[in-house]
Structures are given as C-alpha cells and as structure tokens.
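Q: Listed below are the residues making up each chain.
There are 2 protein chains.
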Amino acid sequence: MPKVERSADVIWEGNVARGEGRVTAETGTFDALPFSLPSRIGQAAGKTSPEELLAAAHAGCFAMSLAGELTQAGTPPERLHVRATVILDEVENAGHRIVASELRASARVPGLSREDFDRAVDQADAGCPFSALVKASGEVTVRAELES
Amino acid sequence: MPKVERSADVIWEGNVARGEGRVTAETGTFDALPFSLPSRIGQAAGKTSPEELLAAAHAGCFAMSLAGELTQAGTPPERLHVRATVILDEVENAGHRIVASELRASARVPGLSREDFDRAVDQADAGCPFSALVKASGEVTVRAELES
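Those protein sequence lines, which keep their order, are chains A and B.
Numbering-wise (this note's numbering), the first sequence opens with residue 506 and increments by one.
Numbering-wise (this note's numbering), the second sequence opens with residue 506 and increments by one.
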C-alpha cells in the first residue's frame, strides 16, 4: 500500500471567544463546516468540533478494519454499526488532551461464532491506525456485539 | 473547562474491498459522508477518509489554539488560514500508522511583529490537543507566515 496523504483547510475569523472557524475537506466531501470555542466546550448547537471529527475518523477506521478482518476470515459482514465517542479532558501539568476514545460496535455477520467475532474485533483494534494513534497517549475501549 | 465528549456513527455494508461506509456526526453537521478502501488508499474520488477527517480536526484545533494565543497577547487575528496534511504510512513491524501531520498557516494580524507571531505559533502548537495526539506517535511540522 502506498503512502496516503489527505488534507483539509480551516478559515478562522475573529478572536478566540467570539470568532468562528470553517473547515473544508480537500475532496469536497464536506465544505465550510462551522465550529467555535463555545460550541466546542459547551453545547454543540449544530456545530462540529475537532473532537467530533476525530470520532468520525476513528469510527470509520475501526469499521473498515473490522470489515477487513471479517472478510479475511471468510465471513464478510452484511452490516456494521460503529459509534466512537472521543473525550477531551484536562491532564495534570499538560493542559487539555484527548484522553480516550470509546468504541461501540454491532455487527450482522451470517454464520459467525461469538468466539470468531471476538477474535476479529481484537485484531481490528490492533490493526486500526486510529486505535494506535489514540493509544499512544490515551485509552481505547471497545464494546462489540454480534447481532443474532 | 469541563470534560468534552463528542460522538460520530459509521454504518459499513459489505466486504472490505467492495463495501462502503457512511459517517455521520452526532451534531448533524455532516451526514452519511461516504468512504471506502479504494478511495482511502488510492484516488479519493470525492469520498472522505479517516485521514482527511483527522486533517480537518488538527487544522481546526490549531487554528483555534493560534486564535487563542493571539487574543491572549492582545492582538486577536482578523483571519487565519490553516491547512493540515495527514500522512498514513507503513511502519516496520507495526503495520499502517499515522506518521505525521504537516501544518501550514497564514495569518492576518494587524500590528503584530514577526517575533511575537512566531512565539504565538509555538505556543499554539504546544497547547493544541491534536498536536499532542499526533506527536505521541508521529511528527508534527508547522510552517507559518504573517501576511503583510
């Protein structure tokens, strides 16, 4: 697999408390999504945030990793649902840090045993670059269930 | 500042090579953005990816941090432009990892000296939780220019 590079742009206008940013994807998939300090640390009020974007990245990465593990085992998924919750908190002597990402997954995989599912979940977490990213300075938890 | 939690959801359907995911923000700011393995590692073809979402998060975090430092110094910015480029690459014995995030910033700040700008940029990088996240296992570079 070749090296992958992906970019995004932010325009910020005004001071930190009353100003606002807009974030745009290089691919055009999202455009000028608003974010601000009050909506980042308080009520989100329909605005995104760096933490929400990381949750989206981690959920996407884990879902693809899990699809990969299940496909490789000969039991590709019909459907996966992954929710990631990213937590930003104050860390002593370090200011604010991403301290955790909590993953919840449910999977519809015909004919898969619970044991093989648990193995695929562990391998997906071990292989997902975003799980590794968060684990380097925080915690990743995974709760996964197999739909019956 | 209180603890911040932000979530996003992914639905993935199909095997890893031909299936597709859709990522949705809890705030509703973005909804069912498509991504897939071929568009993640090859031509993006108008689809997003975990790496693009992280670039958006890092650019947004750094822009807000820089606005914060400049505001605190008594010279709030009129306008900041920040681009982040996230790099996913193969690491020996570790598989694929987020190895770097490259930040490029330009700032319009009336009356600010180059020296004070450089200090604000350094402090913004040191304080931004996403710079810390990437630095725990990879590299962050910052190139910044002050518009004249």
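Please note: incorrect hints may appear among the correct ones.
No distinction is drawn between identical chains; accordingly, a pair holds when it is met within one copy or between any pair of copies.
[Said to hold, decoys possible] In silico lysine to aspartate or glutamate, DMTMM-like type, Cα no more than 20 Å apart, as pairs: (1) Lys552 / Asp536; (2) Lys508 / Glu644; (3) Lys640 / Glu652; (4) Lys552 / Glu652.
The hints are simulated quantities; they were obtained by calculation from the structure and are not laboratory data.
Keep in mind it's a predicted model, so treat the numbers as computed, not measured.
Q: Name the hints, by number, that the structure is in violation of.
A: Per hint list: 3, 4 violated.
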